[in-house]
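Trainee: Here's the letter readout for the chains.
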Amino acid sequence: MGSAIELTQVSKSFDTVDGAVHAFGPADLAVAPGEFVSLLGPSGCGKSTVILMIAGLLAPTHGAIRVNDRPVAGPQTAIGIMFQDNTLVPWRTVRGNIELQLELRALDKSRYAERITRMIKAVRLDGFADRQPFELSGGMQQRAAFCQALVHEPDTLLLDEPLGKLDAMTREGIRVDLQALWLERRPTVVFVTHSIEEAIQLSSKICVITPRPGRIDRVIDIDLPWPRNLEVKKSPAFAAYLGVIQEIFHGYGVF
Amino acid sequence: MATASFESGAAAADSRPKVLKAALQRLAKKLARSWPFIAFFVGFFLFWEYSIDWFGIPAYILPKPSEIVTRSAADFDRLVYYTYVTGLETVLGYVAAVVIAVPLGLAIAFSSILRRTIYPFFVSIEMTPKIAFAPLFISWLGFGLLPKVIIVFLVCFFPIVLNAILAFGSLPEELERFVRATGAGPLRSFMKVRLPAAMPQCFVGFKYAAINATVGATIAEFIGSDQGLGFYIQIVTGNMRPDLAFAGIFLLTLLGLSLFGIVTLCERLAIPWHISQRRRH
Chain A
15 MGSAIELTQV SKSFDTVDGA VHAFGPADLA VAPGEFVSLL GPSGCGKSTV
65 ILMIAGLLAP THGAIRVNDR PVAGPQTAIG IMFQDNTLVP WRTVRGNIEL
115 QLELRALDKS RYAERITRMI KAVRLDGFAD RQPFELSGGM QQRAAFCQAL
165 VHEPDTLLLD EPLGKLDAMT REGIRVDLQA LWLERRPTVV FVTHSIEEAI
215 QLSSKICVIT PRPGRIDRVI DIDLPWPRNL EVKKSPAFAA YLGVIQEIFH
265 GYGVF
Chain B
60 MATASFESGA AAADSRPKVL KAALQRLAKK LARSWPFIAF FVGFFLFWEY
110 SIDWFGIPAY ILPKPSEIVT RSAADFDRLV YYTYVTGLET VLGYVAAVVI
160 AVPLGLAIAF SSILRRTIYP FFVSIEMTPK IAFAPLFISW LGFGLLPKVI
210 IVFLVCFFPI VLNAILAFGS LPEELERFVR ATGAGPLRSF MKVRLPAAMP
260 QCFVGFKYAA INATVGATIA EFIGSDQGLG FYIQIVTGNM RPDLAFAGIF
310 LLTLLGLSLF GIVTLCERLA IPWHISQRRR H
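From first to last, the protein sequence lines are chains A and B. Position in the first sequence (from 1) plus 14 gives the number in the working numbering. Position in the second sequence (from 1) plus 59 gives the number in the working numbering.
These are computed hints drawn from the structure, not numbers from a lab. Even for Gly, the Cβ is constructed at its ideal location relative to N, Cα and C. Where hints are given, some of them may not hold.
Said to hold, decoys possible - Label-pair restraints from in silico Cβ distances:
# : chain 1 : residue 1 : chain 2 : residue 2 : range
1 : B       : Pro188    : A       : Arg125    : 54 to 60 Å
2 : B       : Arg92     : A       : Pro225    : 33 to 39 Å
3 : A       : Arg226    : B       : Glu233    : 19 to 25 Å
4 : B       : Pro188    : A       : Pro85     : 56 to 62 Å
5 : A       : Asp83     : B       : Pro231    : 30 to 36 Å
6 : A       : Glu198    : B       : Gly244    : 28 to 34 Å
Claimed, not checked - From chain B, some residues computed to sit far from chain A (all C-beta separations above 12 Å):
# : residue
7 : Tyr109
8 : Val150
9 : Ser171
Required output: the full structure, derived from the provided sequences and hints.
Mentor: Structure follows, in C-alpha cells:
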C-alpha cells in the first residue's frame, strides 16, 4: 500500500527584500494511511509551511509532494484543514459554520444533517448548535472548528496548531476529543505542534524538526496503547519518550 | 369548535396586556438609559431660550428657539419644498456613489493592475477637498440639479470606494486558505464568504459618506443655485433673518440624521452578527 502523503526532497525558500530566506528542507517524509503524524519543532522552523505545501496552498521551491499517490499541483480539495485561528465566520451559527464547508463544496446539506448533529454532540457542544461563534469560549469555538474541518468526511486531515491559542486545561480536554475522533474513523492526520507532551499523547509517529531552516531530523514511532488517557500519560514509557525528545531539543540549543 | 375559538380568543385577550406591558417595560428601560441625553438636550434649548433675554441679545443676531419655530412656520411651504430639493440632490448623489463605488472597489481589490494605477490615483484625490470642484461643475453645468448631484457624488464616492477596497482586500489569511482548500469557484466563495466578510468595512464607508453627503449638497447650493436649503440659508441671512436660517439649518440636520438613520438601519439588517450591532444587555 502506498503512502497517503509523500514528500520527496521538499524545500521552501521565501523571497524577501534581503534576498531568499531558506525556510524549510530539504526533507523526505512518508505518511501511511491512517497514521497520526506530528511535526514537532520550535517556532519558526517551517512546520506550518509544510502543512500549506501538502494542502497545495503553497508551492514548494524544490522537490515533489504526492497526496494519495497523486502529485500536488494546486489546492487539495479532498482534505480537511485547520489552522491556529479558526475559520468560523461570525455571521453564521455553529451549525451554519459547519454547513459552510458543505456549501462551499456544493454538497447536499440535507444528507449531512444527522451527521452534523452527531458531531456537535461528540464534541460536547449540544445545545450550542444555534449559537453564534462569539457566544462561545475559545475552546468551544475550536471544537466547532473541528466539526467544520471534518464534516465532509476527509480521509486526510492537516492540523496546523489548532490548539495553539488555548489555555492548558482547555487544550487537554480537546486533545481527548481529537483522539476520540481520530480513533473512530482513523483518517490520516498531519498535526503541527510545539508541545512535546501533546505530540506524544496524540501521535503514532513524531517527526522532530530542527530550528530554522527546518529539517526532519528524527522520526520516532510512539508505541503506547490507545486511547492515551491519564493512565498512559503517567506511565514510565510516556516519561521515557518525553525524556528522549527533550534531550534532542536540548541538543539543538532550544532550551 | 365553539369551545376552541372561545379558548383561543381568551388566550389572545390574556396575552394582549402582557405584550403591551412588555413594550412599556422596554420603553421604560430605554428611557432609563437615555435620560441624561434627553435632559441635556432639553437643558440646552432651555438655556438658549432664556439666555437671549438674560444677555439681551437682539433677535437679528440670535433668535430664541421658540421664535425660530413660530416665525419659520409662515415660510412652511417653501421650507418643505427646499428640503425636498436638497434631499433629492443628496439622495441621488449618495445612491449613485454607492452603486458605482462598491463594484469599482471590488474590481480594484481583485485586480493588481487597477491596484497599481487607479488606487494610488484615488488615494491622492482623496486629499483634494472635493468641494473645491463645485464652482467648476456649476460653471459647466449650470444652476440645476445635476451639478449638485455630481458634487454630492464626489464627496461620497471616495470614502465608499476606499473602504470597499479595504473591505474586499482584507479577508483573513486563514479564511482565504479555507475557501481555497474547498475548491469553491469565484462566485460561490464570493457569495458565501468574501461578500459577507466585507460588509462591516463597507458600512464604515457608507456611514462616513452619509455624514458628508448633506455638506456637499449645502455648499454646492451656496455656490450657485436658485433653490434648496443651502440657497435659502444664504438668502435669509442676507435679509437679516437668522431665525429662518436656523430653520434651514435644523432641516438640514434632520435631512442628515434621516440619511444616517436609514444607513444605520440597513447596517443593522445587513450585518446583525457584527460586533458593532450586538445589543448590550
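Trainee: Decide, hint by hint, whether the structure agrees.
Mentor: Taking the hints in turn, this is what the structure says about them:
1. Pro188/B with Arg125/A: 54 to 60 Å: The hint (54 to 60 Å, Cβ to Cβ) holds, given that Pro188/B and Arg125/A are roughly 58 Å apart.
2. Arg92/B with Pro225/A: 33 to 39 Å: violated (56 Å)
3. Arg226/A with Glu233/B: 19 to 25 Å: holds (22 Å)
4. Pro188/B with Pro85/A: 56 to 62 Å: holds (57 Å)
5. Asp83/A with Pro231/B: 30 to 36 Å: holds (33 Å)
6. Glu198/A with Gly244/B: 28 to 34 Å: Since the Cβ atoms of Glu198/A and Gly244/B sit about 32 Å apart, the hinted range of 28 to 34 Å holds.
7. Tyr109: The assertion about Tyr109/B holds, with a minimum of 49 Å to chain A.
8. Val150: holds (28 Å)
9. Ser171: holds (17 Å)
When held up to the earlier numbered hints, the structure conflicts with hint 2 and nothing else.
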